[in-house]
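Number of protein chains: 2
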Amino acid sequence: MVRAEIITIGDEILYGQILDTNTQWISFELDKLGIKTIRKSSIGDSAGEITSILSEAKSRADVVFITGGLGPTKDDLTKKVLADFFQCPLEMHVEALNDVTEFFLKRGRELTEINRGQALLPTKAQFIPNKQGTAPCMWFDEFGVIWISMPGVPFEMKAIMEHEVIPRLISHFKTPIIYHKVIKTIGIGESYLSDLIQAWELSLPKHVKLAYLPSLGIVKLRLTAFGEDLAWLTSEVENQINLLLPQIKSYVFGYEKDEIAEVVGHLLIKNKATIALAESCTGGHLAHQFTQVAGSSEYFVGGVIAYSNEIKKDVLQVSESILTHDGAVSEACVIAMAKGIRSKFKVNFGIATSGIAGPSGGTEDKPVGTVWIALASEDEVITRKLQLGGNRLQNIHMTSLNSLNLIRRYLLKDLS
Amino acid sequence: MVRAEIITIGDEILYGQILDTNTQWISFELDKLGIKTIRKSSIGDSAGEITSILSEAKSRADVVFITGGLGPTKDDLTKKVLADFFQCPLEMHVEALNDVTEFFLKRGRELTEINRGQALLPTKAQFIPNKQGTAPCMWFDEFGVIWISMPGVPFEMKAIMEHEVIPRLISHFKTPIIYHKVIKTIGIGESYLSDLIQAWELSLPKHVKLAYLPSLGIVKLRLTAFGEDLAWLTSEVENQINLLLPQIKSYVFGYEKDEIAEVVGHLLIKNKATIALAESCTGGHLAHQFTQVAGSSEYFVGGVIAYSNEIKKDVLQVSESILTHDGAVSEACVIAMAKGIRSKFKVNFGIATSGIAGPSGGTEDKPVGTVWIALASEDEVITRKLQLGGNRLQNIHMTSLNSLNLIRRYLLKDLS
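Residue numbers (the working numbering), protein chains in the order written: chain E, 1 to 416; chain D, 1 to 416.
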């Protein structure tokens with residue numbers, strides 16, 4: 001197994017002024033190559049810190065990726081530290097100087113002395129061109145470790161990785177084969193899911209590992225298999241999934257990069273169905289889940305955000321008596337809203353939400369987090385009551401997810 | 001200077017399956033306290049790796065933050081490793097068990113054996129409650145270092161930091177006196193803003209530092225003063241802001257934690273005005289900006305998401321001829337939509353959006369990113385055309401921000 005470390009250099013990352021997205025991207029790509037990231041580190045623009053972490057990484061990793069610290073300004077000192085660490089001088093690199101000169105020429109800008117300095121490289125570096133910017137990439141093969149220094153600007157780093165570094169990694173290392181599959185579930189918490197699949201989990205073979213990746217309302221299960229033969233690993237993982245699925249089928253909405261709103265969209269297209277929304281407590285959030293999917297206009301017609309009771313009455317024809325007797329947060333109200341939007345917008349399905357998102361507005365009977373949702377089809381109206389326990393934004397988010405899951409399971413004829 | 005290290009634990013971070021946003025958030029908060037982050041690391045769910053990094057951090061840092069690895073499932077082993085590292089056993093913690101029991105009781109869910117296990121803590125831990133979830137937070141004072149272990153779920157970690165950990169850090173460490181103020185701008189890019197305030201920036205005294213914190217559509221300016229006397233630092237920063245404001249007044253929408261939708265809400269309340277939306281390309285996103293503000297029902301009445309042309313016609317009374325001749329993405333269409341929603345929902349202000357969010361749907365005349373917005377008041381309709389260059393989600397987001405800024409400046413009588 002090839003072990004990788006990723007090091008990002010820069011005070012702006014260390015102090016939280018910018019979010020480092022490079023390490024995630026690099027590790028995701030390495031994972032696909034079967035190279036195992038064993039550590040990620042961020043350190044500041046300090047020669048001492050950079051030298052320390054290079055020394056540490058030397059004893060742990062087979063390949064070290066370093067991003068940042070290569071710009072033309074004074075606080076960028078990675079190259080000097082690398083030259084010292086590898087005990088070689090910095091020298092003007094002819095090809096690098098050509099590249100940086102051409103870069104400025106093409107853009108009609110003057111080449112300054114500071115920019116010329118970007119072509120100074122440690123003599124032990126193999127030069128890797130950067131087509132998108134002026135900071136060069138360097139590859140070192142020293143101390144039995146491969147060291148790759150890249151600029152920190154994400155689009156420059158990504159282009160260099162894709163076109164230059166990844167092909168070199170593939171030819172340099174004998175990488176193992178890894179197969180991953182992510183199963184996405186909704187409507188069940190991590191601990192309940194864990195209880196439900198305990199026996200299956202305990203019987204997993206040693207070469208297949210399971211990880212739980214929970215987020216608000218959604219739990220992902222990731223299966224990973226290591227070995228020699230991709231076809232065999234794939235079948236091993238798929239066999240395990242086939243054993244698992246019958247136990248959790250209703251909760252599984254997709255795999256890998258599938259999103260719940262996209263999955264619902266595909267089901268609506270498959271059913272040649274259209275949908276519209278009558279939102280009270282979700283206040284547009286549910287519609288945004290639908291409309292952030294490209295191409296959603298094929299099935300998503302629109303909606304009414306009925307925040308006030310007047311709009312529920314005037315636009316959605318919820319009766320005065322429901323609002324007075326049952327209240328806006330009631331089964332009767334969401335039934336009327338769902339039916340109202342379905343007929344007004346002339347769609348196959350209407351979904352309605354009404355609840356108390358909080359932080360205020362709760363009563364003893366209907367505390368914060370009390371939510372009703374309804375799904376109206378041609379033949380029937382199905383309702384659900386939720387008792388949520390989060391803050392305002394979480395309650396909104398969970399109501400949207402529950403609504404999406406309700407229509408998903410309805411379209412799959414999987415409602416109990 | 002207090003030195004901090006931040007360690008995130010989890011294979012899902014190491015393999016790049018999720019983006020770690022916790023370390024950025026923590027380091028940003030520490031920076032505000034005058035605590036210097038010296039290193040950030042991510043490692044996998046491996047006892048050996050966790051033990052190694054704890055040993056390393058012991059010799060470098062005064063305080064170590066550890067997130068992740070505390071969930072109820074099997075791959076979470078941080079607590080066991082911490083108990084070994086601090087040479088103490090795990091024991092059931094009464095207060096932690098009460099909390100986890102109450103958490104489940106409140107939600108009407110059964111407490112499983114796995115969840116009970118979450119209350120097992122190393123005996124040397126000081127227990128810190130987690131009001132948002134079931135994984136407890138732990139504070140250790142061992143080897144002359146403070147160790148803080150928190151759950152990896154971002155909203156749980158943030159709540160614990162804000163309410164529990166930061167106050168304890170302030171009382172434990174003698175941190176220097178720092179005064180921060182964040183000025184929030186909208187409607188101007190970072191480089192234009194930088195050009196505009198260059199002279200002011202160059203004349204800042206040495207003890208006042210400026211940082212640009214850009215994000216999509218919003219640039220924050222953070223002024224920081226270090227010293228001995230808080231009253232003096234405060235007046236120094238406020239004086240500088242008073243010099244700056246006349247140059248950028250129209251762009252400043254707030255300070256510190258002010259959010260643009262909240263600011264607009266306050267202005268609407270102040271003007272005793274109500275608002276409703278007619279959204280096409282923003283598809284609910286703009287309404288969600290309004291309704292995620294607690295108490296927004298005081299001024300936000302509702303909206304129509306008119307995704308299809310039929311809804312624009314039938315519900316908002318946009319004429320057939322506008323849709324045929326001008327098209328749905330046109331000034332005439334958003335004017336009709338804004339007037340339509342204003343009269344239908346009987347509000348003071350109507351806002352309409354229509355555009356091509358992408359990735360498809362662009363033409364030569366109206367490429368992806370072409371957006372019209374309109375604001376209808378009793379007396380007039382004001383329109384804006386945007387030419388955005390982002391992806392679908394960015395274009396939706398920027399349209400919402402521009403709409404909020406339009407009504408903000410209208411209410412301030414600050415439209416040019």
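A few of these clues could be false.
Claimed, not checked - 27 Å max Cα-Cα, derived DSSO-like pairs, lysine-lysine:
{"no.": "1", "chain 1": "D", "residue 1": "K344", "chain 2": "E", "residue 2": "K346"}
{"no.": "2", "chain 1": "D", "residue 1": "K339", "chain 2": "E", "residue 2": "K313"}
{"no.": "3", "chain 1": "E", "residue 1": "K313", "chain 2": "D", "residue 2": "K272"}
{"no.": "4", "chain 1": "E", "residue 1": "K313", "chain 2": "E", "residue 2": "K366"}
{"no.": "5", "chain 1": "D", "residue 1": "K220", "chain 2": "D", "residue 2": "K184"}
{"no.": "6", "chain 1": "E", "residue 1": "K366", "chain 2": "D", "residue 2": "K106"}
{"no.": "7", "chain 1": "D", "residue 1": "K80", "chain 2": "E", "residue 2": "K220"}
{"no.": "8", "chain 1": "D", "residue 1": "K257", "chain 2": "E", "residue 2": "K346"}
{"no.": "9", "chain 1": "D", "residue 1": "K344", "chain 2": "D", "residue 2": "K272"}
{"no.": "10", "chain 1": "E", "residue 1": "K272", "chain 2": "E", "residue 2": "K346"}
{"no.": "11", "chain 1": "D", "residue 1": "K344", "chain 2": "E", "residue 2": "K339"}
{"no.": "12", "chain 1": "E", "residue 1": "K344", "chain 2": "D", "residue 2": "K181"}
{"no.": "13", "chain 1": "D", "residue 1": "K174", "chain 2": "D", "residue 2": "K270"}
{"no.": "14", "chain 1": "D", "residue 1": "K58", "chain 2": "D", "residue 2": "K106"}
{"no.": "15", "chain 1": "E", "residue 1": "K385", "chain 2": "E", "residue 2": "K366"}
{"no.": "16", "chain 1": "D", "residue 1": "K80", "chain 2": "D", "residue 2": "K184"}
Keep in mind the hints are simulated off the structure, nothing from the lab. A quick note: this is a predicted structure, and the numbers were derived from the prediction, not measured.
Do the hints match the structure? See the list:
Restraint check: the Cα-Cα separation between D:K344 and E:K346 comes to about 19 Å, which is no more than 27 Å; the hinted pair holds. At roughly 21 Å between alpha-carbon atoms, D:K339 and E:K313 fall within 27 Å of each other, so this suggested pair holds. Of the supplied pair hints, the one linking E:K313 and D:K272 holds, its CA atoms being roughly 23 Å apart against a limit of 27 Å. Restraint check for E:K313 and E:K366: the C-alpha separation of about 21 Å stays at or below 27 Å, so the hint holds.
At most 27 Å may separate the alpha-carbon atoms for a hinted pair to count; D:K220 and D:K184 meet this at roughly 5 Å. Of the supplied pair hints, the one linking E:K366 and D:K106 holds, its CA atoms being roughly 14 Å apart against a limit of 27 Å. Distance hint between D:K80 and E:K220 is fulfilled; the C-alpha atoms sit about 24 Å from each other, no more than 27 Å. Between D:K257 and E:K346 the CA atoms are separated by roughly 43 Å; this puts the pair beyond 27 Å, and the hint is violated.
With a CA separation close to 19 Å, the supplied pair D:K344 and D:K272 stays within the 27 Å bound. For the given pair, E:K272 sits about 14 Å from E:K346 by alpha-carbon distance, which is consistent with the 27 Å threshold. Among the hinted pairs, D:K344 with E:K339 is consistent with the structure: their alpha-carbon atoms are about 20 Å apart, no more than 27 Å. As the CA atoms of E:K344 and D:K181 are separated by approximately 50 Å, the hinted pair breaks the 27 Å bound.
For the hint linking D:K174 to D:K270, the alpha-carbon distance of about 43 Å lies beyond 27 Å, and the restraint is violated. A distance of roughly 40 Å separates the Cα atoms of D:K58 and D:K106; the hinted pair therefore is violated under the 27 Å criterion. Proximity of E:K385 to E:K366 is assessed by CA-CA distance (about 11 Å); at most 27 Å being required, the pair is judged to hold. Using a Cα cut-off of 27 Å, the hinted pair D:K80 and D:K184 is violated, with the two alpha carbons roughly 44 Å apart.
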